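Sequence lines, in order, name chains A and B.
Mapping the first sequence onto the numbering used here, position 82 (from 1) lands on 82, and the numbers just tick up by one.
So the mapping is simple: the numbering used here equals the position in the second sequence, first residue as 1, plus 1000.
Honestly, I wouldn't trust all of these hints.
[Stated by the list, open to error] Calculated Cβ distances over 12 Å to all of chain B for the following chain A residues:
| # | residue |
| --- | --- |
| 1 | 37 |
| 2 | 155 |
| 3 | 195 |
| 4 | 200 |
| 5 | 202 |
| 6 | 203 |
| 7 | 205 |
| 8 | 207 |
| 9 | 208 |
| 10 | 209 |
[Claimed, not checked] Residues from chain B that face chain A, not an exhaustive set, calculated with beta carbons under 10 Å:
| # | residue |
| --- | --- |
| 11 | 1019 |
| 12 | 1022 |
| 13 | 1025 |
| 14 | 1026 |
| 15 | 1027 |
| 16 | 1050 |
| 17 | 1071 |
| 18 | 1082 |
| 19 | 1099 |
| 20 | 1123 |
| 21 | 1150 |
| 22 | 1152 |
| 23 | 1153 |
| 24 | 1183 |
It is worth saying that the hints were derived from the structure and are not from the lab.
As the structure is a computational prediction, the values presented were derived from the model and not from experiment.
For every residue, glycine included, the Cβ atom is placed at its ideal position computed from N, Cα and C.
If you want the building blocks of each chain, they are given just below.
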Amino acid sequence: MNKKSLKLIYNNSLVGPSIFFALLFCIPLVGSNYTLAIFTMIGFYALICIGLTMLTGYAGQISLGHAAFYGIGAYTSAYMTATLGFSPWLAILVGALISALVALLIGIPTFKLKGYYLALATLGFGIIVYTAFKELTSITGGSNGFFGIPSIHLFGFEFVTDQSYFYLIWLFVFMALVFSRNIIHSRIGRGLRSIEGSEIAADAVGVNLMKYKLQIFVTSAIFTSISGSLLAHYVSFINPNLFTANTSIYLLIMVIIGGLNNIWGAIVGSAAYVLLGELLKHFVPVFFPNIGGEFEIVFFGLLLVLTLIYMPNGLVPQFMKIARKLKKKERHASIAFTIDTQATGGKAND
Amino acid sequence: MLKVENLHTYHGHLHVLDGIDFELVEGELLSIVGSNGAGKSTLLGTLAGVYSPSEGKIEYKGIDITKDGVQKTVANGICLVPERRQIFSALSVKDNLMLGAYHRYSRDKKTVHRDYEEIVELFPRLKQMLNRPGGLLSGGEQQMVAIGRGLMANPKVLMLDEPSLGLAPLIVKDIMNILRRLCDERGVTIILVEQNVKAALKVADRACVLAHGKMAISGTAQELLNDPKIQEAYFGKPHTTSKNIMQV
């Protein structure tokens, strides 16, 4: 890693995110409703993956139970707004608080574990919550699902169109990204990176391992819960199948494909997952007309293996590498051109 | 400065430290040697607050720190450089060093930066590689980073767990000389756990042999170097075992 790449990793300027989001916010001006729906879905996943990248990539802790927080946010919003008649904003807030509390209670015993044990414990937690969604039929509607979740209102404006939800979710993604970048570049961020590097060494230099692991787990649970709440209001119908262990695995795949050590990997990984998923839905039935819905997990499983073999750092570092190479080539070409021009007395272009 | 009395530590049912006693003064270098499983690393872990002892007392500058956890122990000025260096391999050398000052960075930025400059001067070899990831350094360089990181905590007591592990003899010599200089020039008290007995005894003021969780032999480093039992056990004569050492 040279000085430039370190600068890219530690670059805390808001220029990059501002340019990215300015361009992104132009999409509704030119895109169709289908395009907007796809980008809105990318936004939902990106919001979760930002938190998960912090947890997995920066703090080195694995979670196979994040679908539970996604579900807690979604069902809290659904129940509070459709059944109890509260404001969606209050419901989103309460969902986030419940998720934070659950994450804290689960995190205290779970983060004493490491590696496979931690993965299995979080997977178990996800399965328990999924079963609760299925069995608590009086609250969640069970397997039949929860219907009639109202849309979000703000100062009399109702978020009903794809366009309005597109702006809403990406605004949350922007805020989450800025917040996470601030954490990464703070003392907490250095602490998290040290935990990821070596827990023994982090402990030896006085980093409070448990405190930071819990803080980041709770933060990622809040992001995930908000995403779940917004999803519930966007689609107006949810059922437990949205929050299975498979969802948790897909979320982790997105984070790994995007790049664990870069917060932008969350957005790139989510985009890759949604766009490839859409392509698969179009092309797979053409070649395999009788195939069931399980082809997705096979495909993404395969993609994960290939990513781990050929791009273990994920897509974003790969893009950065290519960009650096192109820049280097350009610089060499420009130097060669200057030398050539000097040699031919300024007639190189003739 | 540091006083340890009747220290007992268990790992589950295993009685690893069985009544350890010793005392250290400022600027002293104590080498602890012993075979695998003698309890050397557990002793350092207990002093660093990683393991809590079941019995006994650790006193630092007259204050009982037995129940202090790692964070408080580091803040007190007792720092451990763990076994196998444990470098943050993805982070640069500079970041590795700065992380050593983690507990004091926010309230002591100026001093931290001054200490950083001093530590870079202490390890000139690291000067050229401050932006290189820790994982790309050689074993000796990594050990220097690990010691430097420990020093960034501004410790009064620095504990090192097998710093010579897997290093070439010349590098070991360099590192031992640096440790000696730290004691002499900066007044740092050092507890050095080593399997490389010769190297450890050469730089130490005092030394002790740990066997089965007990201090089997202790004295000045010179006394131990000349002790026939030590010579038999560690410098080549094959018939002495740790049992014989226990009988001394």
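**Message:** So, as I understand it, the hint says residue 1123 (chain B) touches chain A; can you test that by seeing if any CB pair is closer than 10 Å?
**Reply:** Since the shortest Cβ distance to chain A is 17 Å, the answer is violated.
**Message:** Would the non-interface assignment of residue 205 (chain A) survive a Cβ cutoff of 12 Å against chain B?
**Reply:** Nearest chain B Cβ is 5 Å from residue 205 (chain A), so the label is violated.
**Asked** Are all C-beta atoms of chain B more than 12 Å from that of residue 207 (chain A)?
**Response** Violated, since 6 Å does not exceed 12 Å.
**chain A contact restraint on residue 1019 (chain B) - CB to CB distance below 10 Å** = 26 Å, violated
**Prompt:** Far enough from chain B: is every CB of that chain over 12 Å from the CB of residue 209 (chain A)?
**Reply:** Label violated. Min Cβ-Cβ 9 Å, cutoff 12 Å.
**Item:** Proposed interface contact between residue 1152 (chain B) and chain A, which counts if any beta carbon pair is under 10 Å
**Value:** Constraint on residue 1152 (chain B) satisfied, holds at 8 Å.
**Prompt:** So is residue 208 (chain A) really clear of chain B, every C-beta pair being over 12 Å apart?
**Reply:** 6 Å, violated
**Asked** Would the stated hint for residue 1026 (chain B) survive a check requiring a Cβ distance to chain A of less than 10 Å?
**Response** Result: violated, 22 Å to nearest chain A Cβ.
**Item:** Consistency of the no-contact label for residue 200 (chain A), given chain B and a CB cut of 12 Å
**Value:** 5 Å, violated
**Prompt:** Taking 12 Å as the cut and beta carbons as the points, is residue 195 (chain A) off the interface with chain B?
**Reply:** For residue 195 (chain A), whose nearest Cβ neighbour in chain B is about 10 Å away, the distance does not exceed 12 Å, so it is violated.
**Request:** Using 10 Å as the Cβ threshold, decide whether residue 1022 (chain B) counts as touching chain A.
**Result:** For residue 1022 (chain B), the interface hint is violated, since the closest Cβ of chain A sits about 21 Å away, which is over 10 Å.
**Item:** Verdict on residue 37 (chain A) as a residue remote from chain B, using beta-carbon distances over 12 Å
**Value:** 38 Å, holds
Checked against the numbered hints given earlier, the structure breaks hints 3, 4, 5, 6, 7, 8, 9, 10, 11, 12, 13, 14, 15, 20 and 24 and satisfies all the rest.
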